[in-house]
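Residue numbers (numbering that gives the first Met the number 0), protein chains in the order written: chain G, 0 to 417; chain C, 0 to 195; chain R, 0 to 343.
Source of the hints: derived by calculation from the structure; they are not laboratory data. Some hints could be false.
[Unchecked claim] 30 Å max Cα-Cα, derived BS3-like pairs, lysine-lysine:
# : chain 1 : residue 1 : chain 2 : residue 2
1 : R       : K280      : R       : K194
2 : R       : K194      : R       : K115
3 : R       : K115      : G       : K42
4 : R       : K292      : R       : K303
5 : C       : K184      : C       : K157
6 : C       : K157      : G       : K42
If you're wondering where the values come from, they're calculated on a predicted model, not measured in any experiment.
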Amino acid sequence: MLEQIEGSRAVAETVALCRPEVVCAYPISPQTHIIEAVGVMVKEGRLAPCEFINVESEFAAMSVAIGASATGARAYTATASQGLLYMIEAVYNAAGLGLPIVMTLANRAIGAPINIWNDHSDAMAVRDSGWIQLFAETNQEAADLHVQAFRLAEELSVPVMVCMDGFILTHAVEGVDLLDQAFVDSFLPPYDLRQVLDVEQPVSIGAMVGPEAFEEVRYLAHLRQLEALDHIPAIAEEFAAMTGRHSGGLIHTYRTEDATTIVVAMGSVLGTIKDAVDIRREAGESIGVVGITSFRPFPSTQVREALRHATQVVVLEKAFSIGHGGILATDVAMALRGTDCVIREVVAGLGGRPITRQSLERLFYRVEQGELDSLLFLDLDVDVVNREVERMRSTRHSGPSAENVLRDLGEPRVGQVS
Amino acid sequence: MFQVRIHGRGGQGVVTAAEILSVAAFDEGRQAQAFPSFGSERTGAPVVSYCRIDDREIRTREPVMAPDAVIVQDVTLINQVDLFSGLSPVGYILINTSRSFEELGLADLYSRFARTHLATCPATDIALEHVGRPLPNAALLGAFAALTGEVTLDAVRKAIRDHFAGPVGERNADAASASFDVITKFTLEVARAGTN
Amino acid sequence: MSKRPIHFYQVGSFAVGNRLLSDGERTVQSDASRTNSIDSGHRACQGCGEALGARYALDAAMRATNNRVVAVNATGCLEVFSTPYPETSWRIPWLHSLFGNAPAVATGVAAALRVKGRSDVRVIGQAGDGGTVDIGFGALSGMFERNDDVLFICYDNEGYMNTGVQRSAATPPAARTATTDVVGPQPGNAFGQGKDLPRIAMAHDVAYVATATVADLHDLEAKVERAMHFRGARYLHILVPCPLGWGSDSSETIHVARLAKETGLFPVFEAEYGVVTSVSKIRRVTPVEEYLKLQRRFAHLFGKNPRPDIVTHLQEIANRNIERYGLLDEGNAHPRHARTEVEA
Numbered sequence: 000m001l002e003q004i005e006g007s008r009a010v011a012e013t014v015a016l017c018r019p020e021v022v023c024a025y026p027i028s029p030q031t032h033i034i035e036a037v038g039v040m041v042k043e044g045r046l047a048p049c050e051f052i053n054v055e056s057e058f059a060a061m062s063v064a065i066g067a068s069a070t071g072a073r074a075y076t077a078t079a080s081q082g083l084l085y086m087i088e089a090v091y092n093a094a095g096l097g098l099p100i101v102m103t104l105a106n107r108a109i110g111a112p113i114n115i116w117n118d119h120s121d122a123m124a125v126r127d128s129g130w131i132q133l134f135a136e137t138n139q140e141a142a143d144l145h146v147q148a149f150r151l152a153e154e155l156s157v158p159v160m161v162c163m164d165g166f167i168l169t170h171a172v173e174g175v176d177l178l179d180q181a182f183v184d185s186f187l188p189p190y191d192l193r194q195v196l197d198v199e200q201p202v203s204i205g206a207m208v209g210p211e212a213f214e215e216v217r218y219l220a221h222l223r224q225l226e227a228l229d230h231i232p233a234i235a236e237e238f239a240a241m242t243g244r245h246s247g248g249l250i251h252t253y254r255t256e257d258a259t260t261i262v263v264a265m266g267s268v269l270g271t272i273k274d275a276v277d278i279r280r281e282a283g284e285s286i287g288v289v290g291i292t293s294f295r296p297f298p299s300t301q302v303r304e305a306l307r308h309a310t311q312v313v314v315l316e317k318a319f320s321i322g323h324g325g326i327l328a329t330d331v332a333m334a335l336r337g338t339d340c341v342i343r344e345v346v347a348g349l350g351g352r353p354i355t356r357q358s359l360e361r362l363f364y365r366v367e368q369g370e371l372d373s374l375l376f377l378d379l380d381v382d383v384v385n386r387e388v389e390r391m392r393s394t395r396h397s398g399p400s401a402e403n404v405l406r407d408l409g410e411p412r413v414g415q416v417s
Numbered sequence: 000m001f002q003v004r005i006h007g008r009g010g011q012g013v014v015t016a017a018e019i020l021s022v023a024a025f026d027e028g029r030q031a032q033a034f035p036s037f038g039s040e041r042t043g044a045p046v047v048s049y050c051r052i053d054d055r056e057i058r059t060r061e062p063v064m065a066p067d068a069v070i071v072q073d074v075t076l077i078n079q080v081d082l083f084s085g086l087s088p089v090g091y092i093l094i095n096t097s098r099s100f101e102e103l104g105l106a107d108l109y110s111r112f113a114r115t116h117l118a119t120c121p122a123t124d125i126a127l128e129h130v131g132r133p134l135p136n137a138a139l140l141g142a143f144a145a146l147t148g149e150v151t152l153d154a155v156r157k158a159i160r161d162h163f164a165g166p167v168g169e170r171n172a173d174a175a176s177a178s179f180d181v182i183t184k185f186t187l188e189v190a191r192a193g194t195n
Numbered sequence: 000m001s002k003r004p005i006h007f008y009q010v011g012s013f014a015v016g017n018r019l020l021s022d023g024e025r026t027v028q029s030d031a032s033r034t035n036s037i038d039s040g041h042r043a044c045q046g047c048g049e050a051l052g053a054r055y056a057l058d059a060a061m062r063a064t065n066n067r068v069v070a071v072n073a074t075g076c077l078e079v080f081s082t083p084y085p086e087t088s089w090r091i092p093w094l095h096s097l098f099g100n101a102p103a104v105a106t107g108v109a110a111a112l113r114v115k116g117r118s119d120v121r122v123i124g125q126a127g128d129g130g131t132v133d134i135g136f137g138a139l140s141g142m143f144e145r146n147d148d149v150l151f152i153c154y155d156n157e158g159y160m161n162t163g164v165q166r167s168a169a170t171p172p173a174a175r176t177a178t179t180d181v182v183g184p185q186p187g188n189a190f191g192q193g194k195d196l197p198r199i200a201m202a203h204d205v206a207y208v209a210t211a212t213v214a215d216l217h218d219l220e221a222k223v224e225r226a227m228h229f230r231g232a233r234y235l236h237i238l239v240p241c242p243l244g245w246g247s248d249s250s251e252t253i254h255v256a257r258l259a260k261e262t263g264l265f266p267v268f269e270a271e272y273g274v275v276t277s278v279s280k281i282r283r284v285t286p287v288e289e290y291l292k293l294q295r296r297f298a299h300l301f302g303k304n305p306r307p308d309i310v311t312h313l314q315e316i317a318n319r320n321i322e323r324y325g326l327l328d329e330g331n332a333h334p335r336h337a338r339t340e341v342e343a
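Kindly generate the complete structure, drawing on both the sequences and the hints.
Laid out in structure tokens, this is it:
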């Protein structure tokens, strides 16, 4: 049923329909509304049988999920940013143990400096962990992806995280067509375990594996993720056939058929990009968009195929590898190995800085003119940067950079108080 | 697309206002998107929220840079925040105050924007009278409906009642109706004065 | 009453032979049909107190629960020597996740069992002192605070033995470890540090907290059984000497454990909801020296450059324990006091 609803609530309602059995989470902005909403439903008895555990840290959250999942319960948690890092040992552990846990990651920047706003640095921190990572473009997709995630996780025995932009999606109120229980029950069969702690058939789970077998165990995890490259589109197709909605899948393309310039991005910024692309199209530019939904496993074949006619690819991402450059751009470049395609890396939206349509239009214009360097930080205030560089050059005791920059930005404003 | 930007301070229901407005538009079969500016939200700190209304899918996620309407819930923000930045020349301004634009020192707005699109509304007083609390957001939405016609009063009343359960919802809806009447009269007078 | 009255001693030791007891009073370990939850073939050192403690505790738990136990194990000696790839010595369902999360994982297992309608299956979380007192502390406190239905067992060998004998918050003062070497004016581990986990557990007001050693099998089994009578968070702290880390002879493990109790350095007691309910009295009060001299980790206190001041300091700790818990009866200050009965 179509409802005007906050993204977090839409996700909570959908997760509830998936019949989770153990929900365990620690509060962190901007995930709080999701877990609070699920918590209320559990307490009211709506989700019985379901246990809601108020854990003392994110590390405990993922650990409780591990114990629950290994015992045969459908487990769910949610976190962001610092919380994800706090549980990172358990994140890798869950993937290594092959437990089909589903987690919502409300993407938020990682500090220091502490920042509660959206970017993708948190998801990037665990991209090698063995979790499947799916990025939602809208709240509709975010909600729908959770149903697909449980199905995918349990089919493959691989944990899945659904990434949705913190605040931008979680706290936005928009129309979402919520699924109903009957649909979810038919789409998502009961959790059928590959391994379980059972007193009637005892097993030991979590043994040490030495050099003689570790590579093989790791390779098997890789194989399972590669299998996902088939399962993800299959599940999305089945979902589309039943709902008419194209949520999920590996990638989404927009006006790429004849495009010579293609923008590649993930998450909610795709909406703004599409508006900017439409305007550039009106100005005669041959430009399109590829949205990556499945970031891990990375759909190299599909990306290469979608970009095959492009001469220029602009990868716009909300994270980067410090000292190196774009992360998504690196993955895209790998997929385009051997082609003549030129890749431009654009880093934007860090720490929640708004990515405006106007800014994108200017960017795409410059790309068309061939004016772009290979790595660009969108809307970077070069003057502010230079002032701090000068400060650091002129004295050893220049103080903390972040505070210097804030003071720098605050001075003109303070001067204007009337 | 019709874009609204709401300015106020934390604790005044600025975020709720945008949300209720979006629900009102949705109930009338439109597409709507509402979200806050996500500042460090403390009671009293400046807060901005946004609402977009359209008949097509709303894809963009940027803050509202070029609003068609600006609602100001707290006049102490004047001169502290650039409230009308990007506002279309035929855009609407709705200010929560019992004073006039001139008394607020905003007479220059008359030369920048269409006079019939500018309105003040004593929403806090109306809220106090109907709801018993100085929360002007619901009242302002009724005024907005009258000023812009972008949503109907009925839709606003329903959205308010859905958001605030029980008698609180009713009283807020009545505040919205009262403001609607105030602005309807106000714009009629301005129109009449304009034709003299 | 937490112990059964026992009426006989074997001459020359304080152990009670099971052949002198009626069937119902015999230990689980004396029963050929015991589970052997951790079976032979594991790779523990000769004389390992932890291997002993784990088997004692888990077999007792299996008896008490009609063979329905799931164990969650932290990283550590027990986990490593019990599951040498590709073998496992566990006969019960067993899960190892990480070093610091055993209490939280156990919480998850218990929650899942409840959801599945299998609350008849009981959960034991277990770890060494490192995984309990240090890196697992936050998770343990959370488990206590929520009153999750888990019995958590700490096998305390007073150091990080698996990684080469490093100091933990359970390492006693003056003990030599790889990170508290016997150099400088204060050789060995510092005084004035450390955590008393049993008392911290009691401060959470959980239903049952008890300490035990591998020297008194009846006592340990009785405590596990008692723990299984309760629901909610419970804690058992078992002293398990480590011949390697303590520098004691591998044939002396049980003797050393007994002396830890008899000196007063390791108080043995039970508590319910934050209040001590029973104490295992010292049978024959023993000066700490007798205990310390059996362990090379304390060798620097004796020999060529003895430190009687440190020994005295340790004796003071023992005396304070005796006082705090009432470990001595009136008139039990004399050594070799003959006893014919162990009171409850």
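#### Entry: Restraint check for K280 of chain R with K194 of chain R, where alpha carbons must lie at most 30 Å apart
Answer holds: K280 of chain R to K194 of chain R is near 23 Å, not above 30 Å.
### Query
Does K115 of chain R pair with K42 of chain G here, judged by a C-alpha cut-off of 30 Å?
holds, 18 Å
### Task
For the pair supplied as a hint, K194 of chain R and K115 of chain R, confirm whether the alpha-carbon distance does not exceed 30 Å.
violated, 37 Å
### Query
Is K292 of chain R close enough to K303 of chain R, meaning Cα to Cα at most 30 Å?
holds, 14 Å
### Task
Would you check the hint for K184 of chain C and K157 of chain C, treating anything up to 30 Å between C-alpha atoms as holding?
OK: K184 of chain C and K157 of chain C at ~23 Å, within 30 Å.
### Message
Tell me if the straight-line CA distance from K157 of chain C to K42 of chain G falls inside 30 Å.
### Response
holds, 29 Å
Violated hints amount to a single one, hint 2; each of the other numbered hints is respected by the structure.
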